[in-house]
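Heads up: the protein sequence lines correspond to chains A and B, in order.
Sequential numbering of the first sequence, starting at 1, is according to my numbering.
Sequential numbering of the second sequence, starting at 1001, is according to my numbering.
If you are wondering where the hints come from, they were derived from the structure by calculation, not from laboratory data.
In this text the structure is predicted, and so the values were computed from the model without any measurement.
Each hint should be verified, as a subset may be incorrect.
Negatives, chain B to chain A, calculated, CB over 10 Å [claimed, not checked]:
no., residue
1, MET1001
2, THR1003
3, HIS1004
4, GLU1005
5, GLU1021
6, ASP1024
7, GLU1082
8, GLY1083
Stretch by stretch, here's where chain A covers chain B in the computed footprint (C-beta under 8 Å, at least three residues) [to be verified]:
no., region
9, 1028-1037
10, 1062-1074
Glycine included, every Cβ here is placed at the ideal spot set by N, Cα and C.
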Amino acid sequence: MGQYGTIARLHSLLSEKRLSCTELTRAYLDAIKKENSALCAYVKVTPETALKAAAKVDAKIAAGEPLAPLEGIPMTLKDNISTKGIETTCCSRILKGYVPIYDATVWDLLKKQNAVLLGKSNMDEFAMGSSCETSCFGGAKNPHNRKRVAGGSSGGVAAAVSANLAAFGLGSDTGGSIRQPASFCGVVGFKPTYGAVSRFGLIAYASSFDQIGPIAPSVEDAALIYDAISDYDPMDSTSIGRKAPVSPALENSIRGKKIGIVKEYFRGVRPDVDSAIKKAVGVLCSLGAETVEFSLPAISYSLPVYYILACAEASSNLGRYDGIRYGYQTKQHFADRNDMVCKTRSEGFGAEVKRRILLGTYVLSAGYYDAYYKKAQNLRGTIIQSFGEAFRKCDFIAAPTVPMTAFPENYAAKDPVETYLTDLCTVPVNIAGLPAVSVPCGFGNDGMPVGLQLIGPEFSEAPLLNAANQYELASRKTSFRSVETGVRL
Amino acid sequence: MVTHEEILKIANLAKLSVSPEELDGLTKDMNKMIGFADTINAASEGAGSFDSAGGLSNVFREDQVVPSCRREKILGNAPCTEGGYFLVRRRS
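Using the sequences and the hints, build the whole thing.
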């Protein structure tokens, strides 16, 4: 077991009876009470659910039964992961009051281990955004500097983990929504291979991109969580399941591994971020890895390809919000069903969601389908092929997670397209369905965390997280800074 | 360039209503976004194609009878129901 694993440390505190699960849970709940009004990491706190699970765990400890790896560990879920009996809103007005009648598979798996759900976390509305500020609750703040955003869309999970208001959390990553806020908040964010983790119960944004994954204080923690949630699920027709557990494979040397440095990932990267990434690559080389530089011209088109396809899928997925079956319904007078649906949707969705639905409807409409949607699908194929060629030259690709550090507040509101450009380094992975991890790798000139992104071929989770772990073990003392809030044991 | 009329047509297809005050700003934003989407035109048509994420196609399995959700539970989230059905009551 490595030295930076929060989950392993809490697990031994509980197992050795040095702390009861109820005490641990209360400590987190108290910390949330104290910090959350300023951070806005949680949009709903669930003390009853948490203390009930904690009591179960304490009974097991008292009976001398062994604990599962995540048993009794206090955690959070992004508010687009369905929780039976607990309001799930996607941070949208249109879903306020919606209480799922079933659990997402990932939550079902964690619940079976008696993981302690502290509450649901803030996010950009329907996961559409890079700052968490499109949330109808207002955005989560960055624990490293509260005048900066936590990032998005899983900003609440990243802020909660960074501020020690949860030991870990699950987010979703459609175009970078796990890795980007993890990078901004100085924690680890892992997006698994498409199909490795079931999305049943994840409220859909863009189904051919969406993937659930962990946000955690360390790579070791992320691997433990991944092992707990990656399983074949007949309820998700895109589910493939994992190939082998990752946690036992984190102690291997990376000597001789080839790290790809792709020119296109470094275009427009802020100089201080660029130098933090180069330094991190230097650490990987000092551990015996070698770099190989090349170009992947096809990924230059990743951003427009992503926005065309994701918005097209969103326009269809979000068609279900009609004010009839669940969620918000207009309070205005309406002439007929169509009028009611239009009024409900116009009042219920925020500005960014409406823009993306409109773009998606436009690119799918008669006369434009071939020029946009079909062409983007064709380019998606080209991008996938070029990653295939890249991984014949190298084992992993190293890149910045984001070309900058956390934005100041209200940055995203100015110009939608300007904000899309900041997703440059995260979206190619989603287009190709690849696994990628963001690990803290130091700080920018503004003192804000920088994330190193490591990208691997499909189902390379074990060697990928091993490389990330080796980097973390070698660099943690200078690349990571803990935030002085919340529960620190 | 998309016009106000086109935005209204697309909004109608997407079941969104756009107020006269919103129209100018939204048209401006949409033009920026479509201009951004247009940048793919510079790419030459590749040999690539994309059929399904994860390379899966037609995942079949035998039908299986499993417990389902109770009707009252499903209706419990609806803003308005009557006699076991969803209801849209005219409000004029």
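Checked hints:
no.: 1; hint: MET1001; verdict: holds, 13 Å
no.: 2; hint: THR1003; verdict: holds, 12 Å
no.: 3; hint: HIS1004; verdict: holds, 13 Å
no.: 4; hint: GLU1005; verdict: holds, 13 Å
no.: 5; hint: GLU1021; verdict: holds, 12 Å
no.: 6; hint: ASP1024; verdict: holds, 14 Å
no.: 7; hint: GLU1082; verdict: holds, 12 Å
no.: 8; hint: GLY1083; verdict: holds, 15 Å
no.: 9; hint: 1028-1037; verdict: holds (count 8)
no.: 10; hint: 1062-1074; verdict: holds (count 3)
Violation of the numbered hints given earlier is absent; every hint is satisfied by the structure.
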